[in-house]
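Turn these sequences into a full structure, and let the hints guide you.
There are 2 protein chains.
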Amino acid sequence: MGLDRLIEGIKRTNNPTVAGLDPKLDYIPEPIVRAAFEAHGETLEGAAAAILAYNKGLIDALCDVVPAVKPQAAYYEMYGWPGVRALSETIAYAREKGMFVITDGKRNDIGSTMEAYAAGHLGTTRVGEAETAAFGADALTVNGYLGTDGIRPLLDVCRRFDTGIFVLVKTSNPSSGELQDQPAGGQPVYRRMGSLCERWGEELPGKYGYSGVGAVVGATWPAQLGELRAALPHTFLLVPGYGAQGGGAADVAGAFDRDGLGAVINSSRGILCAWKKEGCAPEDYAGAARREALRMRDDILGAL
Amino acid sequence: MGLDRLIEGIKRTNNPTVAGLDPKLDYIPEPIVRAAFEAHGETLEGAAAAILAYNKGLIDALCDVVPAVKPQAAYYEMYGWPGVRALSETIAYAREKGMFVITDGKRNDIGSTMEAYAAGHLGTTRVGEAETAAFGADALTVNGYLGTDGIRPLLDVCRRFDTGIFVLVKTSNPSSGELQDQPAGGQPVYRRMGSLCERWGEELPGKYGYSGVGAVVGATWPAQLGELRAALPHTFLLVPGYGAQGGGAADVAGAFDRDGLGAVINSSRGILCAWKKEGCAPEDYAGAARREALRMRDDILGAL
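Order-wise, the sequence lines are chains L and B.
According to the working numbering, the residues represented by the first sequence are 890 to 1193, in order.
According to the working numbering, the residues represented by the second sequence are 890 to 1193, in order.
Derived from the structure by calculation, the hints contain no laboratory data.
Please note that the accuracy of each hint is not assured.
Identical copies go unnamed one by one, so any copy, or any two together, can satisfy a pair.
[What the hints assert, rightly or not] Here are the simulated DMTMM-like pairs of lysine to aspartate or glutamate, each with C-alpha atoms no more than 25 angstroms apart in a straight line:
1. Lys913 <-> Glu1018
2. Lys913 <-> Glu1020
3. Lys913 <-> Glu931
Now the structure itself:
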């Protein structure tokens, strides 16, 4: 239930990391972009074709060593509906290759509107007599600012489709404290949001001790990672901010439990742009991504 | 700048309301759905074609008496990329007809990711040498839980493209208080978020006294509407929850300033399903929507 399949993937690969698929055109080797533009012109369709080809290469190179991918919806939406089509094709391809897919959409709304997001991203949509998975991810990041009314529709869909959510708790950015650190009833807002995650998670118990309701906590806040790991024993942590945003392996070590579970660490730019940093041939971008993913795995496992 | 064009539309039509375009298939008259299914099958494409036809009929019927529409992204995303294409076509059609378009996406993220959302929804996306408006709305609803890092990229795009944002402050749902009413440093969280809106808005001053940074406050909280109207003199209010969610004209009166400006009231289901409530022929759904929109206008103007 919920995030169990992610945990099983982490155990299988012995790798508690997720590769963020944030495909800015600048990150994509020029030959891929050029081929896509030749086929589709310098259009949103052309950009989307480049993104999909790039993602498929990354997924092929990573799928046996990294358990999960996290496509960031914004980088697909910026290319309009063709970009969103590339998102759905990326999700389908990664799942075909056995990866757990976390759509990073930070969606939020209430009632029947949240039901629509839940159906679209984590379940199926009814059209006439047919039921179709519109996006079909395994998990979705969500924003809990609206409270339980915004989360309940997700829990129902997650139970039915064996999918999960990650709720923003303490985000990696410098100004996250403007709201999240405010003292609210004797504890910071982020702790209150964390407590809500534990409560919501009671409805989606998992077989490894973690519920289907995870929390997003940035690698840039090592003290809060440790605090939340201790305070939220059933809440799996999705940790962005490793690498490019400044978090290192020592910073994220506190996110894990004594069994080395309880967290998955995301790297986006580090993996996507490994070919630039390495200075290898652009054609070897996927190989460079794999090498960086293995280096990251060893870096993190070494700190546990 | 920012929301000035919305305010001008409200003055021109003498109507401080916005029609929410939340096109559930259940709301759409059966002949429209049947024609779309006959052309495209019971598929996501078929659903999207029905939605677009329905929306165009509504926009045609409303565009001279209602200044703005608010498509809710969730109801398009649930139909996958064809649904998202219908969203972009709906936005383009409403703008062609002179309406101000608020995409209700409640997007949120940080840094370059928020830049991607901002470009996609409120600006243009660069592809090779070309700049394309991926969605091209006039305003976007956003969630400020991540703080200034999540808002700054929007302000830059809004300034450049004469577009605006509405930040969730006090949402209409019953459980909004779980987080938003928590006392945070001497004031509830929603008041703190409101103060941030005033601060962010300083960068997007408007010519009618309201900035390009508005706030979402539910019609279900009349006391807070009045409180926030007084406390946030430069922040335009987008008020959902009229009608189906229980808010009436008297409840929203406090959202307006002494000139009858400062707020725009949304109705979705009331307008979309007017044909069902009226019991008119399904073919007259757009006429029923127009009659309900005029009734709502008169109801609200009568309470000011």
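Evaluation of the provided hints:
1. In this homomeric assembly, Lys913 and Glu1018 come within 25 angstroms of each other (Cα to Cα) only across copies, at 15 angstroms, whereas the closest approach inside a single copy is 38 angstroms.
2. Taking the shortest Cα distances, Lys913 and Glu1020 sit within 25 angstroms of each other only across copies (15 angstroms), while inside one copy they are farther apart (32 angstroms).
3. In this assembly of identical chains, the alpha carbons of Lys913 and Glu931 lie at most 25 angstroms apart only when taken from the same copy (15 angstroms versus 34 angstroms across copies).
In summary, this structure violates none of the numbered hints.
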